[in-house]
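There are 2 protein chains.
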Amino acid sequence: MLVVITYDVSTIDASGRKRLRKVSKLCQDYGIRVQNSVFECVVDSTQLKQLKLKLLETMNSNKDSLRVYRLGDNYKSKVEHFGVKESIDLEGPLIL
Amino acid sequence: MLVVITYDVSTIDASGRKRLRKVSKLCQDYGIRVQNSVFECVVDSTQLKQLKLKLLETMNSNKDSLRVYRLGDNYKSKVEHFGVKESIDLEGPLIL
Chain A
1 MLVVITYDVS TIDASGRKRL RKVSKLCQDY GIRVQNSVFE CVVDSTQLKQ LKLKLLETMN
61 SNKDSLRVYR LGDNYKSKVE HFGVKESIDL EGPLIL
Chain B
101 MLVVITYDVS TIDASGRKRL RKVSKLCQDY GIRVQNSVFE CVVDSTQLKQ LKLKLLETMN
161 SNKDSLRVYR LGDNYKSKVE HFGVKESIDL EGPLIL
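Going down the list, the sequences are from chains A and B.
For the first sequence, the residue numbers in my numbering are 1 to 96.
For the second sequence, the residue numbers in my numbering are 101 to 196.
It should be emphasised that the hints constitute simulated quantities derived from the structure, not laboratory data.
Errors might be hidden in some of the hints.
[What the hints assert, rightly or not] Partial chain B-side listing against chain A, Cβ under 10 Å, derived:
1) Thr-106
2) Asn-160
3) Gly-183
[Stated by the list, open to error] Once the Cα atoms are required to be at most 20 Å apart in a straight line, the calculated SDA-like pairs of lysine to any residue come out as:
4) A:Lys-54 with A:Asp-44
5) B:Lys-178 with A:Val-68
6) A:Lys-49 with B:Glu-180
7) A:Lys-85 with B:Ser-161
8) B:Lys-185 with A:Leu-56
9) A:Lys-85 with B:Val-168
10) A:Lys-85 with B:Lys-152
11) B:Lys-178 with A:Lys-85
12) A:Lys-78 with B:Met-101
The C-beta atom is built at its ideal place from N, Cα and C for all residues, glycine as well.
Bound conformation, chain A alone (with noise of 0.2 Å):
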């Protein structure tokens, strides 16, 4: 199924950033980064179950907002995309 993962963190303070960074890890391992918070991310019920169990142990829940969206099996036709094609992975090496 596809999953939209959306991630609202403080990146004003490296500790913020940081968490951003391992979250966007961890979605990445399952999906891409399609904004700079948002991950959609295909899995089945166990690999989401462990997904959001590391999510829940990277984010700061006094802190940050993380929302989870299940679009199903039969996503291709329920999203839709508008305007720059997703935000540079800003956590990857830089290859000129």
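Given the coordinates of chain A, work out where chain B should sit on it, guided by the hints.
Only chain B this time, still in chain A's reference frame:
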């Protein structure tokens, strides 16, 4: 149906912040802001068309990224939240 709208815009410059404010206002005619750049709107198909038209007029398609996820009518079990609740409405009046 529930529609999740995610809007990625650089808020470093004033024009980006202005567009985010406008997008927020448009989305809040139909729903709520659940994260800084994530909105949940409950709309029918006609309203969704109107909303998308307005969003496309507002966004800068060379700079911003807009994604629209349709979660259908039975959406309550498809959405999960963890951590702090939705961001303060930065665009609304500040009532002390």
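Evaluated hints:
Taken as an interface hint, Thr-106 (chain B) checks out: its beta carbon lies about 5 Å from the nearest beta carbon of chain A, inside 10 Å. The restraint placing Asn-160 (chain B) at the interface with chain A holds, with a minimum CB-CB distance near 8 Å, inside the 10 Å limit. The interface hint given for Gly-183 (chain B) holds, since its Cβ lies 4 Å from the closest Cβ of chain A, which is under the 10 Å cut-off. This hinted pair checks out: Lys-54 (chain A) and Asp-44 (chain A) have alpha carbons roughly 15 Å apart, not beyond 20 Å.
Taking the CA atoms of Lys-178 (chain B) and Val-68 (chain A), the gap is about 8 Å. The hint holds against a cut of 20 Å. A hinted pair counts as satisfied when its Cα atoms are at most 20 Å apart, and Lys-49 (chain A) with Glu-180 (chain B) qualifies at roughly 12 Å. Using a Cα cut-off of 20 Å, the hinted pair Lys-85 (chain A) and Ser-161 (chain B) holds, with the two alpha carbons roughly 10 Å apart. Distance restraint check for Lys-185 (chain B) and Leu-56 (chain A): the Cα-Cα separation of roughly 15 Å lies within the 20 Å cut-off, and the hinted pair is therefore satisfied.
Taken as a hint, the Lys-85 (chain A) and Val-168 (chain B) pair is honoured in the structure, with Cα atoms around 13 Å apart against an allowance of 20 Å. At roughly 17 Å between alpha-carbon atoms, Lys-85 (chain A) and Lys-152 (chain B) fall within 20 Å of each other, so this suggested pair holds. Taken as a hint, the Lys-178 (chain B) and Lys-85 (chain A) pair is broken in the structure, with Cα atoms around 26 Å apart against an allowance of 20 Å. For the hint pairing Lys-78 (chain A) with Met-101 (chain B), the CA-to-CA distance comes to about 12 Å; that is within 20 Å, so the pair holds.
Comparing the model with each earlier hint shows a violation of hint 11 alone; every other hint is respected.
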